[in-house]
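Novice: Can you build the whole structure from these sequences, using the hints too?
Sequence lines, in order, name chains A and B.
Mapping of the first sequence onto the numbering used here: residues 15 to 236, in sequence order.
Mapping of the second sequence onto the numbering used here: residues 15 to 236, in sequence order.
The hints are simulated quantities; they were obtained by calculation from the structure and are not laboratory data.
Just so you know, not all the hints are guaranteed correct.
Since the list gives no way to pick one copy over another, a pair counts as held whenever it fits inside one copy or between any two copies.
[Stated by the list, open to error] Dumping the calculated SDA-like pairs for lysine to any residue here, alpha-carbon to alpha-carbon at most 25 angstroms: (1) K162 - R228; (2) K210 - F186; (3) K235 - D171; (4) K235 - D165; (5) K25 - L134; (6) K17 - D27.
Chain by chain, the residues:
Protein chains: 2
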Amino acid sequence: MVKIERDILSKNDAFARDNRRAFASRGLFAVNVVSSPGSGKTTLLVKVIEALNGRMPLAVIEGDQQTSNDADRIRATGAPAIQINTGKGCHLDAHMVGHALETLAPESGAVLFIENVGNLVCPAAFDLGEARRVVVFSATEGEDKPLKYPDMFASADLMVLNKADLLPHLDFDLGRCLANALRINPNLQTLIVSAKTGEGIPAFAAWVEASAARHVAALMKS
Amino acid sequence: MVKIERDILSKNDAFARDNRRAFASRGLFAVNVVSSPGSGKTTLLVKVIEALNGRMPLAVIEGDQQTSNDADRIRATGAPAIQINTGKGCHLDAHMVGHALETLAPESGAVLFIENVGNLVCPAAFDLGEARRVVVFSATEGEDKPLKYPDMFASADLMVLNKADLLPHLDFDLGRCLANALRINPNLQTLIVSAKTGEGIPAFAAWVEASAARHVAALMKS
Numbered sequence: 015m016v017k018i019e020r021d022i023l024s025k026n027d028a029f030a031r032d033n034r035r036a037f038a039s040r041g042l043f044a045v046n047v048v049s050s051p052g053s054g055k056t057t058l059l060v061k062v063i064e065a066l067n068g069r070m071p072l073a074v075i076e077g078d079q080q081t082s083n084d085a086d087r088i089r090a091t092g093a094p095a096i097q098i099n100t101g102k103g104c105h106l107d108a109h110m111v112g113h114a115l116e117t118l119a120p121e122s123g124a125v126l127f128i129e130n131v132g133n134l135v136c137p138a139a140f141d142l143g144e145a146r147r148v149v150v151f152s153a154t155e156g157e158d159k160p161l162k163y164p165d166m167f168a169s170a171d172l173m174v175l176n177k178a179d180l181l182p183h184l185d186f187d188l189g190r191c192l193a194n195a196l197r198i199n200p201n202l203q204t205l206i207v208s209a210k211t212g213e214g215i216p217a218f219a220a221w222v223e224a225s226a227a228r229h230v231a232a233l234m235k236s
Numbered sequence: 015m016v017k018i019e020r021d022i023l024s025k026n027d028a029f030a031r032d033n034r035r036a037f038a039s040r041g042l043f044a045v046n047v048v049s050s051p052g053s054g055k056t057t058l059l060v061k062v063i064e065a066l067n068g069r070m071p072l073a074v075i076e077g078d079q080q081t082s083n084d085a086d087r088i089r090a091t092g093a094p095a096i097q098i099n100t101g102k103g104c105h106l107d108a109h110m111v112g113h114a115l116e117t118l119a120p121e122s123g124a125v126l127f128i129e130n131v132g133n134l135v136c137p138a139a140f141d142l143g144e145a146r147r148v149v150v151f152s153a154t155e156g157e158d159k160p161l162k163y164p165d166m167f168a169s170a171d172l173m174v175l176n177k178a179d180l181l182p183h184l185d186f187d188l189g190r191c192l193a194n195a196l197r198i199n200p201n202l203q204t205l206i207v208s209a210k211t212g213e214g215i216p217a218f219a220a221w222v223e224a225s226a227a228r229h230v231a232a233l234m235k236s
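Specialist: Structure representation (structure tokens):
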């Protein structure tokens, strides 16, 4: 069983390397967005796409077990989107993303958001070739989640705590949540947002834009 | 003039390399804490030292143009502290820190906080050999400071926004502040604290503890 897992992951890593090269050659900044189901990833993406629209090309790969609802919501913003249905699969893998990239063919210099299947466990192990990994985490999920799902928080670059508008109504200890997350990953960046009210969206948009600029500048140099 | 500055900085960088080696050989995790005057650096250090006391050895180098008030406040926590008075100097340099290190002689494995002179400009250019740089920034200073003092925010690893207890009474746009800081430095980590009420101190303490553990583990490997 362990050997099968190892083979799957090593195959995935090879596809992830191919994706990374493909992203680099097209000047794409790929962001793998992971979370539990229902954390508000799609709403968050809709809001950040609205904030970034016209500032840079944007494209989205949507992962879900079933339905193309999320891709439809993204397309309503004007950004091109493609839906991957994983069927029984509990995560996107690099091979699926490579195929979707060919079909989606994002404009050179685009930010490519990859919304993973809602799952705080399995996607952690699957590199998609992304430049950055963002874990979205709803305040309704409780401040212990970084400790209970450490692989996801350890592998992320940025934690976006969503649904901040609910904080006054929840028994959620924000300080302890941040402390838990930083204990797991002392390099983790954190932002507190409400995709519903728009609080924190300008900061998240600035992070995307500045990180993309830095990433593309580094690609140019290498 | 430019040449003199270059010579000063290149001499400083040589001393900073010596400090980095000295910190490494003693297993120290050095944190350079920079800010405007009056941002609350010393109160913040007192609070985080109280939170970390007994969990790891701690020591502090205090920089000020005059007085040993800050070192006295730190010593009241039980942590050893040494005061450097820079006189006319507007920043600590690596040579001063190297001397202070010899006198202070922190315990092996300690976290060494270096509180710089209150100045949001000059300390940015002077590497002290630290493992991490923390810029403390009071909400009373206004959300445009990262744009006006970009070198400091670009060179920092973590921004601690202090005096959060005053936010309800200030015309301070937190979202815009974070967006400004991330535009200058997309890799910047951020924490919102009130050294006065203790809000955010557990998260800052967790960041220090986990970053120190990671840094010392990396030293062991190399």
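Novice: Next, verify each hint and record whether it holds.
Specialist: Right, here's what the structure says about each hint:
1. When the C-alpha separation of K162 and R228 is checked against a cutoff of 25 angstroms, the pair qualifies only between copies, where the shortest distance is 20 angstroms, while the shortest distance within a copy is 32 angstroms.
2. Taking CA atoms no more than 25 angstroms apart as the test, K210 paired with F186 passes in both settings, with 18 angstroms inside one copy and 21 angstroms between copies.
3. In this assembly of identical chains, K235 and D171 lie within 25 angstroms of each other by CA distance both inside one copy and across copies; the values are 22 angstroms within and 23 angstroms between.
4. In the homo-oligomer, the alpha carbons of K235 and D165 lie at most 25 angstroms apart only across protomers (22 angstroms), although the nearest pairing inside one protomer, at 32 angstroms, exceeds that limit.
5. With identical chains, the CA atoms of K25 and L134 are at most 25 angstroms apart within one copy only, with a shortest distance of 22 angstroms there and 49 angstroms across copies.
6. For a Cα distance limit of 25 angstroms, the shortest separation of K17 from D27 inside one copy, 15 angstroms, qualifies, whereas the shortest one across copies, 49 angstroms, does not.
When the structure is compared with the earlier hints, no violation turns up for any of them.
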